[in-house]
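Going down the list, the sequences are from chains U and A.
So in the numbering used here, spot 318 of the first sequence is number 318, and the numbers just go up one at a time.
Converting from the second sequence to the numbering used here requires adding 786 to each position, the first position being numbered 1.
No lab work stands behind these hints, which were simulated from the structure alone.
Any given hint might turn out to be false.
Here are the computed lysine-lysine pairs in the DSS-like style, where the Cα-Cα straight-line distance is at most 25 Å [stated by the list, open to error]:
| # | chain 1 | residue 1 | chain 2 | residue 2 |
| --- | --- | --- | --- | --- |
| 1 | A | Lys1191 | U | Lys72 |
| 2 | A | Lys980 | U | Lys30 |
| 3 | U | Lys409 | U | Lys30 |
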Amino acid sequence: MTITTNDSQVAVPSDTVTVIIDGVAVAVPKGTLVIRAAELLGIEIPRFCDHPLLDPVAACRACLIEVEGMPKPQPACAQTVSDGMVIRTQQSSEMARLAQEGVMEFLLLNHPLDCPVCDKGGECPLQNQAMSVGRPESRFTEDKRTFPKPINVSAQILLDRERCVSCARCTRFAEQIAGDPMLELLERGAQQQVGTAEDQPFDSYFSGNTIQICPVGALTSAAYRFRSRPFDLVSVPTTCEHCASGCSLRTDYRREVVTRRLAWDSPEVNEEWNCDKGRFAFVYQTEGRIEYPLIRENGELRVASWPEAIDVAARGLAEASSHAVLVGGRSTVEDAYAYARFARAALRTDDIDFRARALSDEEHAFLASLVAGSPVSVSYEKLESAPIVLLVSFEPEDESPIVFLRLRKAARAGTRVVSVGAVRSKGSEKVAAEMVWCAPGDEAAALASLPADILAALAHSGAVIMVGERAALSAGALSAVAALADRTGAALAWVPRRAGERGALDAGAIAGLLPGGRPLSDAQARAEVSELWGVDSLPHPGASGDALLARLGTVEAAVVGGVELADYPQDVRAALERVGFIVSLENHHSAVTELASVVLPVAVVTEKAGTFLDWEGRPRPFTRVLRDALTMPDAQVLGMIADAMDRPVGPSDVNVLRAELGTLGPWRGARLEAPRVPVGPRRDGLVLASWRQLLDSGVLQEGEPHLAATARPTVVMVSDATARRLGLTETATLHGPAGIVTLPVEIADVAESVVWVPMNSPGCHIYRDLGARPGDIIRVTAGGAL
Amino acid sequence: MITTGLTPVITEHWDAPDLYTLDGYRRFGGYEALASALKQDPDAIIGQVKDSGLRGRGGAGFPTGLKWSFVPQNDGKQHYLVVNADESEPGACKDIPIMMADPHVLVEGVIIASYAIRANHAFIYIRGEVPNAIRKVAFAVEQAKAAGLIGKNILGSGFDLDVVVHSGAGAYICGEETALLDSLEGYRGQPRLKPPFPAVAGLYASPTVINNVETIANIPFIIGRGVEWFRQFGTEKSPGFKVWAVSGHVNNPGLFEAPLGITMRELLDYAGGVRGGGEVKFWLPGGSSVPMLTAEHLDLPLTYEAMAEAGTMLGTGTPMIFDSTVSVVKAVTRWLEFYKHESCGKCTPCREGTYWITGVLEKFEHGHGTATEMDTLVNLCGQIAGRSFCALGDAAATPYPAALKFFRQEFTDATHTPVDGTFDPVASYVFAPAVAR
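Isolated chain U (complex conformation):
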């Protein structure tokens, strides 16, 4: 509880009780579990089933302790403290010591003791606690229970039932945290085992967490199994590059190769969890990398030295009279800032955009007005305590999985979740979301006529509106969101999908905006930035978004970093083909390197230090993992080009870039106006709905077949009524301007006259295969060969 005194919030302990543990008094909040209270004193009570983020179950009995006045030993993981309670752990109680020793002896009976060949050996709570509280020798001489092993509970997760101690952490995680109760304990007695229903594998987006919280080696990953021993690994805390959730990770490597990634503790962001994409999708960092600079000669790329390649790039850019810069949404803040600075100071153009996806001018105005350079207003913590969270064009489970986990936690505690959209998805069900039904494109109209009870709830303190990046596709949606937040006072959060988008926005990697959300049109803002950069003047506001893409065909040179052309709904390749000189900063070959005159290899996240701004706007800095890598970050390569162009832009060291951004700080002057795009006209016909699933054909997921096998199947989702009306039974064929897609039909909770397909999954890439965007009218016919 907090009380307010003199305008400052001071936390004062309320309802604390004092308990004595092993003779030491400690004051803790009422209701604290004994095991947590003991931790505060540094007294480690052994445990297996206990996990601070899971409900107590008291099943393993490893944590038995003595409580004065109670005849039997009590489980410290389920026993709450009461005032004056006298607790004796194994440190001071023979009863507790013997109880723990006995349980440990029992736990090892049917355990195979195969530590030398177990992935967990060396970091195993069973191993460690058997050493600390167990008997020196077992008295068990009978036969152990055996199981065939390992078995797959999913393509990614392997189960060794002999090693399992039935702590139920994995099953409780699946049910309580992820909301995917496909793992269950089966059978009874010593035959009790973790398992799944037939043909229903544990295909949870969060399944990898069960491996990490398994206190024995029962759950292992297909990717990491037998790859290394924990004591041979070097561990570095890092930040996940896959989405804007901003997870803390621990990256483990051995001989300069990353062997695995774990979720790392970050109570304010990802708690102790991450998603399977963040955990398993890192093979791209090593496989298929561009190793050397390349320059195009006679239509073919050839290997060149760095000085030669930089020289060719600098000359080409210097000779061109018009430029454009495209930055993918995956850059670090520092790299995005380097692009922003390079464009304005070296190329003297403002034609830059980080949004390599469907976008709109309305979105630009929304971001400039309400997002860029603004401090954290909605945090994970705020989500957890929000009375209501309204989701607009946003599917948290697919598009920002840790937001989903926090929303689920909030929903379980009573937060009301409302989703404005066309599909009541599996993720929506897991957060018990109410639907405000609307077809893609009609969000603005839906927001303008929200039910009164939702409007009233949004006016309550702590209410939150979260809008996803797909809102850019719906004319008027972002304007309506801004107006709704303004009208109700609800806090507003924009949740992009990619890890680098929020950082690139704040770093000024978008036309019209300088770092910190400074409007390029503002004289004061221009002065601050040009002084820092040491340039006489800054270019006039340029083109972003569709205007920039339209202008691409006319510029003479372009710098493109980390952009997948297939991510744009429009044909950007055709425009780029007309650009005379393209410099591509990449780590893998792509459609851009196919057109580039110069290809400069750059570092992946493990090879550089940097920062991602998560969706909250919270900086998530990370250090370099692989110290011996020879690659350079984008910023450094751009700095070399600028130097070779004789238009130096300043130091490119990550610390200097951070310091420069810090010096500028957020913009405190007048901001641009929020967009006021009117509600679009209602359309007739079948409307296409779509979003990117968490596990799909994304390029950063390449090379990890076990992970890919847990992705959701590619299907067409329609409502029962729509399916009947269209005569859809087994398969359906979608007809777009660019082609057709035939997929299995799944009847789901979808708005009438809406048809949903995944945006970029195997067998269905809507831009490439259909030439259609979400919100487009689409023709669907029954049948078709898969």
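Position chain A relative to chain U; hints supplied.
Just chain A now, with coordinates in the frame of chain U:
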């Protein structure tokens, strides 16, 4: 010499062939207690049950009225009554006969108890292996519904009640009250963490009372005939009467209804004595989960308090008698095999302990035990008792230490001779020819 007479109350009219029907039950005053109960305040009913001193007949002997009074009243929540009819204890056979012979006494008790604790839904969870009992109870519930004794506005009192008869699926653990609730809710039956206790958050997280069949069968008599009448039977701390189910090596096994406080020797006489004029070797007062006693304990009163003093428990009150043909090693091994098979697996001591102990006992059975293991087993039982999640683990830890206390020599013999060599297994069969004995 028998000094305690039989007192047929619950069993009084069991020889009436139509007792199981509503008409038959009514002919002997059935549902009159209900009519009187519905005219009283629910709290008054709870008060009478409290005053009667009735203790739970399922094994633990918890005071029934006290249990009822734990349910928070007027809390605006749905309350539930659940009848534990999952009689699975080895040796216990009294609830199933009650349901077979006189299902309406259970139904009447259910209605009164539900009224007292203000429950509008009651569930009778019956062991799945006894379809005949399930059919009898289901039939009685249907008849009661048709007669307006279950449903809306019962007997014009304004009290509504729905009764559901639910069949279990054959797991001993589902006799544990919280595991029973899980099973009833459709989950795998495993005991729940307490607190919260069922009286606060039981079935569907609502206040719930769980009572044994025989406990509930007592209710119509307490309400109908009064607390004073009830307390004339039994002792101060163990008032009332009990349906004693005597089984094992006796000439006339069966049910004998007599007050609490009767001795085993008296019950044994009612049961015709040990077969073939033999001697009692050891006996269990109430199911395999209570420590065994020997012939020297035959004159102890069968009350909750006297049994506790003797180091055992009254349990279900269903004595099992074993004569000298039985190997105690073999009997204990069979019981542990049962507990190993029925351990739900939730907690480590019970899951692993029963696995281990059974393995060691099977070695003794075949003459391969060791003197060290005799002590190890005592230690292992100590590692289970008081440390397991629920009482099933405690129960599994009781047979061996008691057996060792009284029959150490038999375990010593089993370190070199298979028990079948010492005790002819055929001789111990109930149907063994006299000559084999």
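Cross-check of the supplied hints:
The suggested pairing of Lys1191 (chain A) with Lys72 (chain U) holds, with an alpha-carbon distance near 23 Å, which does not exceed 25 Å. Taking the CA atoms of Lys980 (chain A) and Lys30 (chain U), the gap is near 18 Å; set against the 25 Å cutoff, the hint holds. For a cut-off of 25 Å, the pair hint linking Lys409 (chain U) to Lys30 (chain U) stands: about 22 Å separates their Cα positions.
The structure fails none of the hints (numbered hints given earlier).
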